[in-house]
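Novice: When you get a sec, could you build the whole thing from the sequences and use the hints?
In the order they appear, the protein sequences are chains A and B. If you're matching positions, the first sequence starts at 1 in UniProt numbering and goes up one per residue. If you're matching positions, the second sequence starts at 1 in UniProt numbering and goes up one per residue.
Since the hints were made in silico from the structure, they are not lab data. Misleading hints may appear alongside valid ones.
The list treats identical chains as interchangeable, and a pair is accepted whether it falls inside one copy or across any two copies.
DSBU-like mimics (lysine-lysine), calculated; alpha carbons at most 30 Å apart, straight line [said to hold, decoys possible]: (1) Lys71 - Lys126; (2) Lys313 - Lys209; (3) Lys208 - Lys173; (4) Lys282 - Lys250; (5) Lys265 - Lys63; (6) Lys133 - Lys250; (7) Lys138 - Lys276; (8) Lys395 - Lys265.
There are 2 protein chains.
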Amino acid sequence: MITVQQAEDIILSQTQDFGIEDIAYEHALGRVLAEDLTADRDLPPFDRPTVDGIAIRYAAYEKGSRSFPVKAIQSAGEASIPIDSETECIEIMTGAALDHSVDTVIRYEDISIDNGMANVSIDIKKGQNIHLKGRDKKEGNILVQANQIISPAIIGIASSVGKTTIAVKKLPKIIIISTGDEMVSPESIPSPYQLRRSNGITIKSALKKYHLEADILHLNDDYEEIKKEISRCIHEYDVLLISGGVSMGKFDYLPQVCEELGIEKLFHKIKQRPGKPFWFGKNQHQKLVFAFPGNPVSVFMCLHRYFIPWLEKSLEIQGNSPQFAVLQNDIEVPFALQYFVQVKLGTNQLGQLTAESVHTNGSGDFSHLADTNAFMELPLEQNSFKKGEVYRVWKYND
Amino acid sequence: MITVQQAEDIILSQTQDFGIEDIAYEHALGRVLAEDLTADRDLPPFDRPTVDGIAIRYAAYEKGSRSFPVKAIQSAGEASIPIDSETECIEIMTGAALDHSVDTVIRYEDISIDNGMANVSIDIKKGQNIHLKGRDKKEGNILVQANQIISPAIIGIASSVGKTTIAVKKLPKIIIISTGDEMVSPESIPSPYQLRRSNGITIKSALKKYHLEADILHLNDDYEEIKKEISRCIHEYDVLLISGGVSMGKFDYLPQVCEELGIEKLFHKIKQRPGKPFWFGKNQHQKLVFAFPGNPVSVFMCLHRYFIPWLEKSLEIQGNSPQFAVLQNDIEVPFALQYFVQVKLGTNQLGQLTAESVHTNGSGDFSHLADTNAFMELPLEQNSFKKGEVYRVWKYND
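Specialist: Right under this line is the structure:
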């Protein structure tokens, strides 16, 4: 049986490039940016007042002028208005384009205007209250680097620079396949020995964060049906995310079916709890099969610990650093498997992320998935974990 | 001029209840749950083996039996199969419903089966490897509490309990209005004294996190047009989110227009940077106007510091605790305003959230909104902030 680290290494060695497509910027939120966004002109594109008031030529003030005839009022969006003589001023609004004949702006709060004369009674500095052309960025400078998830701020920047079509990463084509004769649809009334399905819709919902619209399929434990459908799906999709059918049961057909279809096993079983029977493979066309054990907690853990990192690395998403939290209670682990414990995250006033573990009844107990936020990964080498120790966490429910 | 805390108090005293609606669970991701989700039967609903193997009656083992004739193979999803005599066993799969005639399960790994006899050679415990009926939750117990954002895990739980229609909070009807003659559409080539609009699409994108689809409108600095449109919008929408037109400029008509339309000013101007000229009001029908100053950074700050908390409180979203981070560099603030500095968040191996401030050229400089993640709120009482100190942060770009 391999370790969690070995499993991660094998999975992350199978990342793939799904290409790039151009889409309208209004639809790009949440997609992965595939090009740098650059300034199409200097930012700001002109010298602009940062306040409402008057614009003067500082040389006149320096020579003693304190009253300036108002030549004109210039609003934002108008062509720049020059002064004709050094001692004139322009009433000017925030965001207007300053003319080269003026070089200093004084706020309305610091002047009075009477009979067309603006009177200045405070000390001023040359060049004050002006946001200079090109001060933030020069034309051609990078504003947003490629390989990050497109946020509201990035949409706003794209809009500012007229980038109305954006190159984004294409997403893999994914089907989620749940298995198990005991699983009925959520609309059904289950018999006393049946359960309603949830793994498919849970995974589908989790992938929406990446704007990935996965298909869903449920298969009963019928060998021929499973073989036929896996054979079809491995042709039609890039990735199969399967739950169930990979353990020791008499009807756990998946490993055998995959082998018969030429899907090479890259590993089966990891020294971890939950999720030990996880099976992972690929075929000769680099189609991948993530076959998770069927319990809801196992599926959720394997999805966040293995599939999401594979997806983020395939899409080349940068800037996600590992997250650590401070354990809030002692934990004893009475087995030799790397344990992923469900925790409730919080923050304290030291700016630390805190993690309080919850007691569960194993991987079939999904009743705490909604009131926890993360799995804390407790190292395999230890059995005893103490309050105050810091370990890595894998967030969900974000 | 009021303080940030006073502004927050005024805004949060204006929260509103927009009611509840029922929607299909497949469309509920990201909405706010308006009812508790409860277990429709015990969880698990039957005694279920947690491993694949054989089910026996412990009393037989206790009396010395080590070889058990296999009466039948029971898969998950089948009705329970009883043993006929105490010394028989059932081959049984994970997730099947255990019959009352058996009470202990032994894994395939710990037995051998020859000629229809299962041979046990290890020590076992009564009741082992069984996830007992009702062990996680009893019928009627709350699985998910109301007033939280519906996550993938909650969708999965809803599916499990057959809750295919879910009560969620209705969302307010919102229009985002940008103003300014200098602002042209992102598709346009601006003149040297024009800029492309971005505030509308930025706010609209930020609200999508709450599945809130806001309308967008741009108005030029035309008094009559502004008055006509604000008058229409205040009837048609619950909330107006406006950018620009609230400062000292000759064409900053909004405060006057609002007053003439009977929209009561609750405050104008806050002791903060950016965002000082923020205007907030309501009319007699509790319609709200958040009128932010027009610079992109001011809009972004006011949105996250004031509007989002108002929205989350109105929707009664629980469980969001304040976030704090450790400042990574010294900052001097040379003005008597509460400063919101843009920071890049990170985490360190102590589980602490870290915040590195970036230098910007004022509220018109939006070039750092994409490479930062939060505003750090630096207390008004101080001017000097040191590396290692911990302050509150308001996240964006999540």
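Novice: Give a verdict on every hint.
Specialist: Verification of the hints:
Taking the closest pair of Cα atoms, Lys71 and Lys126 come within 30 Å of each other only inside a single copy of the chain (20 Å); across copies the shortest separation is 97 Å, beyond that limit. For the homomeric pair Lys313 and Lys209, the shortest alpha-carbon distances inside one copy (15 Å) and between copies (24 Å) are both at most 30 Å. In the homo-oligomer, the alpha carbons of Lys208 and Lys173 lie at most 30 Å apart both inside one protomer (13 Å) and across protomers (24 Å), since each shortest distance falls under that limit. For a Cα distance limit of 30 Å, the shortest separation of Lys282 from Lys250 inside one copy, 24 Å, qualifies, whereas the shortest one across copies, 67 Å, does not.
Taking the shortest alpha-carbon separations for Lys265 and Lys63, neither the intra-copy value of 85 Å nor the inter-copy value of 44 Å comes in at or below 30 Å. Only between protomers do Lys133 and Lys250 lie at most 30 Å apart by alpha-carbon distance; the minimum there is 24 Å, versus 73 Å within a single protomer. When the C-alpha separation of Lys138 and Lys276 is checked against a cutoff of 30 Å, the pair qualifies only between copies, where the shortest distance is 28 Å, while the shortest distance within a copy is 54 Å. For the homomeric pair Lys395 and Lys265, the shortest alpha-carbon distance inside one copy (28 Å) is at most 30 Å, but the shortest distance between copies (42 Å) is not.
Of the numbered hints stated above, the single one contradicted by the structure is hint 5.
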